[in-house]
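Undergrad: Sequence:
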Amino acid sequence: MAQLRQRKPQLEAKSWVEQTELRDRILELNRDLMETISEI
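Heads up: the sequence shown begins at 154 in the numbering used here, then just goes up one per residue.
These aren't lab readings, by the way, just hints derived from the structure by calculation. Treat the hints loosely; a few may be bogus.
Unchecked claim - Below, computed lysine to aspartate or glutamate pairings styled on EDC-like, alpha-carbon distance capped at 16 Å:
hint, residue 1, residue 2
1, K161, E171
2, K161, E174
3, K167, E181
Being a predicted model, the structure only gives us computed values, none of them experimental.
With the sequences and hints as input, model every part of the structure.
TA: Given below as structure tokens:
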């Protein structure tokens, strides 16, 4: 998360499509992490 915060200005400079794709990948990662944690 700290790396994302540091890179926020770079991310905001990207196109809307790139930002949306990145958001979707982060949401998928979050979903996978929550699934893994719930199995513990």
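Undergrad: Just pull the numbers of the violated hints for me, sorted ascending.
TA: Per hint list: single violation, 3.
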